[in-house]
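A.B. asks: With the working numbering as the guide, the letters of the sequence shown map in order to residues 1 to 851.
I should point out that these hints are in silico values taken from the structure, not numbers from a laboratory. It is possible that some hints are incorrect.
Listed next, the in silico EDC-like pairs over lysine to aspartate or glutamate satisfying Cα-Cα at most 20 Å (straight line) [what the hints assert, rightly or not]:
#1 Lys398 / Glu386
#2 Lys390 / Glu405
#3 Lys559 / Glu570
#4 Lys266 / Asp239
#5 Lys430 / Asp320
#6 Lys247 / Asp320
#7 Lys729 / Glu685
#8 Lys648 / Asp391
#9 Lys725 / Glu764
#10 Lys719 / Glu701
#11 Lys266 / Glu287
#12 Lys802 / Glu704
#13 Lys566 / Asp483
#14 Lys680 / Glu754
#15 Lys468 / Glu429
#16 Lys286 / Asp229
#17 Lys696 / Glu764
#18 Lys220 / Asp320
#19 Lys749 / Asp761
#20 Lys375 / Asp391
#21 Lys220 / Glu335
#22 Lys749 / Glu701
#23 Lys133 / Glu169
#24 Lys763 / Glu747
#25 Lys666 / Glu460
#26 Lys298 / Asp391
#27 Lys688 / Asp672
#28 Lys734 / Glu708
#29 Lys286 / Asp243
#30 Lys604 / Asp637
#31 Lys802 / Glu673
#32 Lys638 / Glu405
#33 Lys446 / Glu405
Beta-carbon label-pair distances, calculated as ranges [said to hold, decoys possible]:
#34 Glu335 / Asn636: 47 to 55 Å
#35 Ser371 / Asp391: 35 to 43 Å
#36 Ser319 / Arg439: 18 to 26 Å
Quantities reported herein were computed from a predicted structural model and do not represent experimental measurements. No residue lacks a Cβ here, since even glycine has one placed at the ideal position from N, Cα and C.
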Amino acid sequence: MIPIFSQSISKYNKTLANINKKYEILKNYSDQELKQEANKLKNTNFNKDIILVDAFAVLKEVIYRTLDITLFNVQILGGIILNQNNIAEMKTGEGKTLVALLPAYLNCLQGKGVHIVTVNDYLVERDAHLANKVFSYIDIKVGMITQKTNSTNRKFEYEKDITYITNSELGFDYLKDNMAIHKHDIVQREFYYAIIDEVDSILIDEARTPLIISGITEVKPKLYNKARDISDILTNTIDYKVDEKSKSIILTEKGINNCEGILQIKNLYDVNSPWIKYIINALKAKELFLNNKDYIVKNNQLIIVDEFTGRIMEGRRWSDGLHQSLEAKENIPIEPENKTLASITYQNLFLLYQNLAGMTGTAKTEENEFSNIYKINVTTVPTNQECIRKDLSDFVYKNEYNKWEAIANECSDMYKTGRPTLIGTTSIEKSELLSTMLRKINIPHKLLNAKPENVSKEAEIISQAGEKKAITISTNMAGRGTDIILGGNPEKRATAIIEKYISDKEINTEEKIINKNEILFLNKINKFNNINIKQEIENNTLKDSNAILNTIYIKILEKCKNYSKKEKQEILQLGGLYVIGTERHESRRIDNQLRGRSGRQGDKGSSRFFLSLQDNLFRIFGGNKIENIITKLNINDKIPIESILLTKSLNSAQKKVEAYFYDIRKQLYDYDEVINNQRKAIYNERKKILNSQFTKECILEYAEYTIEEMLTIYLQKNKDNNILKQIIKLLNIKCNIMSLAKMNIYEIKEYLHEQIRISYDLKETYLEQLRPGLIRQLEKYYLLQQIDQAWQQHIDKINLLKEYIGWRSYGQQDPLIEYKNEAFHLFINMIMYIRQTVIYLVMRSRLIVDL
């Protein structure tokens with residue numbers, strides 16, 4: 001029976017009915033017949049619309065046979081939406097991992113490769129492993145690329161039908177491919193179809209941060225340390241003003257005078273003075289970036305914490321000297337600054353795909369951005385079972401201390417009643433503050449934040465956050481991608497028991513397993529004390545240790561399933577999972593992600609946010625009106641306030657912030673669109689050269705363009721003979737200037753074209769005698785070298801231009817239009833420079849070959 005969907009998606013009902021009809025037929029097929037049906041799809045003339053029904057039905061049956069899972073109608077609906085290059089908004093616990101398999105299978109049948117992109121290596125490995133179980137049944141190859149994948153294997157993994165990869169690895173591979181010096185070094189194929197998991201996290205949250213491949217430059221620790229010392233002397237509001245909204249620092253006149261006095265210089269803003277950049281960064285490090293919130297210090301290294309996921313970002317560094325300023329602040333070794341060699345934003349990276357789709361639990365609030373920038377629509381897929389979670393009104397306290405005290409008391413009450421509770425915090429510091437408070441009142445709990453000792457336990461902690469009496473503190477959305485199952489995850493629980501048993505007893509050999517006399521492990525675990533591992537081992541006739549443990553695991557798993565089922569019913573009686581938010585995020589979407597951890601698959605649940613007037617959102621965006629009203633009401637500090645006025649004010653503040661950051665991302669997109677078009681042109685030129693066997697024609701083409709460009713200048717300068725001398729010198733040809741000057745412009749052009757070809761043929765003959773093929777290698781080397789060097793210099797100039805173009809607005813000029821014009825002229829100059837330099841180097845090369 002097909003459910004009744006809303007009008008926007010009811011158009012898919014017929015397709016859904018046809019898929020299920022075909023599926024009912026396939027259920028009666030033997031394994032061999034089902035595989036033959038799949039092979040027919042591979043060999044058919046590819047038309048997605050025609051074979052969609054057959055492909056989805058085949059995969060639905062394959063999933064059932066390999067995983068013992070029958071897809072819900074809403075999951076198939078999600079697959080149809082993804083196949084139409086849309087974003088499917090599906091709530092937590094609705095099985096998005098399996099949904100992605102449907103369009104991935106259909107689109108990989110064309111042989112062009114499908115990428116399933118997600119946010120971290122853990123999810124790549126987990127999802128690729130699951131997909132491989134399914135697709136190995138019908139001979140579809142599944143690839144997987146993580147940070148650990150070496151360059152040799154990457155190409156092999158990209159060649160597979162479906163490849164799971166993180167967004168950062170995909171982007172860096174793209175940039176590396178476009179810096180390759182040989183076509184065999186290129187690992188990626190043309191971008192055809194991508195499904196982005198957690199699409200809002202990648203295309204919205206990370207859209208403000210470009211991917212950058214850097215080269216190391218000279219380190220200047222003295223400048224950073226001196227700037228840090230100056231920042232310690234300067235006083236907030238007197239010497240400088242902090243704008244938390246835009247994360248910027250502005251020096252006051254007094255601050256400028258103080259800096260000039262300390263440094264003993266006349267003008268801090270002198271073009272030859274390096275100090276302003278270092279001082280501003282030092283002040284940002286002092287005021288805007290906090291240890292255990294924005295970054296952590298581990299092994300004498302400063303590591304960024306992702307503000308959206310709470311995860312540490314190994315290998316990532318802030319640019320423009322900010323990272324070095326933070327290292328100076330923390331008194332750890334200052335690493336060299338980086339020079340940008342290549343960069344791209346996620347916005348423009350994913351727009352390279354012919355077909356793009358995405359899925360997430362929260363995308364509707366950013367619908368306009370997805371439509372305007374990425375040209376993809378958001379479609380909300382209904383839940384398989386109605387969501388009955390209660391989102392309770394916010395509690396607002398006058399000060400932060402009372403808020404945390406109330407949260408700790410709430411956790412204590414939940415623990416005593418046995419109701420599992422998940423608390424979402426915005427920073428490591430706040431998560432550890434709550435952890436300390438709970439320890440003081442003897443409330444057992446688990447802490448999950450970006451600290452290295454917690455990261456490895458992420459999935460395990462989150463998967464068991466639905467157990468009775470479980471109190472789990474998590475920064476932001478750490479653990480995203482792992483379901484919270486009420487009553488706990490029986491598989492994880494059974495595995496943990498076996499692993500704990502093995503590690504406790506240090507069992508390494510079969511003899512130890514069979515003959516161990518002091519096995520007391522299960523006596524410590526009352527929930528499972530009716531399983532006697534010692535007895536099981538002594539009674540087991542199997543001699544293989546793995547076989548013994550596997551047999552015991554199956555028995556333990558059965559007990560765990562029964563226990564979890566019973567515990568789930570008890571938790572549902574208590575109201576299901578309770579989610580506590582400790583601060584409203586700048587985006588409603590992030591709050592909804594936290595709330596969405598509760599009420600999975602029709603389960604009961606509730607959520608509530610505990611807030612204070614000192615929270616960032618109130619403080620930066622909320623204004624003083626609310627605080628003034630509450631002060632006048634003279635309410636006791638410990639009593640929370642619930643009010644429509646507060647809720648409206650909060651929603652208004654969040655909308656303001658969302659609009660503010662959307663404007664920033666839109667501006668970034670508009671500005672980056674200019675460099676993106678130039679990047680495409682340069683990368684296409686590189687690709688053409690890499691794949692070409694006839695680079696000679698490219699060199700001669702460069703020479704002819706150069707002749708025309710310089711002759712244009714010759715005419716503009718009233719036929720200045722010095723220009724002709726420059727042309728002859730550049731082309732390295734012998735010619736009489738006076739004879740050339742007597743010709744008209746068309747004769748000069750024809751003559752120079754003829755001379756460059758003759759001269760180049762002679763050089764080619766000479767080099768071919770030294771070693772066959774040498775001239776082609778030389779051409780390719782000079783072309784790629786000069787393109788890369790010029791492009792890197794161009795990026796630096798563009799970044800400087802972007803930084804300072806805003807000042808044009810004071811002259812009543814549109815900075816974006818001015819930026820486009822300036823960037824265009826810089827690009828034209830770069831192209832001319834590349835051509836001239838390549839011609840100069842090739843025509844003047846003198847090689848001695850040791851034969």
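A.B. asks: Determine for every hint whether it applies to the structure shown.
C.D. replies: Checked hints:
no. : hint                        : in the structure
1   : Lys398 / Glu386             : violated (36 Å)
2   : Lys390 / Glu405             : violated (23 Å)
3   : Lys559 / Glu570             : holds (17 Å)
4   : Lys266 / Asp239             : holds (17 Å)
5   : Lys430 / Asp320             : violated (29 Å)
6   : Lys247 / Asp320             : holds (15 Å)
7   : Lys729 / Glu685             : violated (26 Å)
8   : Lys648 / Asp391             : holds (15 Å)
9   : Lys725 / Glu764             : violated (24 Å)
10  : Lys719 / Glu701             : violated (24 Å)
11  : Lys266 / Glu287             : violated (27 Å)
12  : Lys802 / Glu704             : violated (33 Å)
13  : Lys566 / Asp483             : holds (19 Å)
14  : Lys680 / Glu754             : violated (33 Å)
15  : Lys468 / Glu429             : violated (27 Å)
16  : Lys286 / Asp229             : holds (11 Å)
17  : Lys696 / Glu764             : holds (9 Å)
18  : Lys220 / Asp320             : holds (13 Å)
19  : Lys749 / Asp761             : holds (18 Å)
20  : Lys375 / Asp391             : violated (32 Å)
21  : Lys220 / Glu335             : holds (9 Å)
22  : Lys749 / Glu701             : holds (13 Å)
23  : Lys133 / Glu169             : violated (24 Å)
24  : Lys763 / Glu747             : violated (24 Å)
25  : Lys666 / Glu460             : violated (38 Å)
26  : Lys298 / Asp391             : violated (38 Å)
27  : Lys688 / Asp672             : violated (24 Å)
28  : Lys734 / Glu708             : holds (19 Å)
29  : Lys286 / Asp243             : holds (13 Å)
30  : Lys604 / Asp637             : violated (32 Å)
31  : Lys802 / Glu673             : holds (13 Å)
32  : Lys638 / Glu405             : holds (9 Å)
33  : Lys446 / Glu405             : holds (18 Å)
34  : Glu335 / Asn636: 47 to 55 Å : holds (51 Å)
35  : Ser371 / Asp391: 35 to 43 Å : violated (27 Å)
36  : Ser319 / Arg439: 18 to 26 Å : violated (39 Å)
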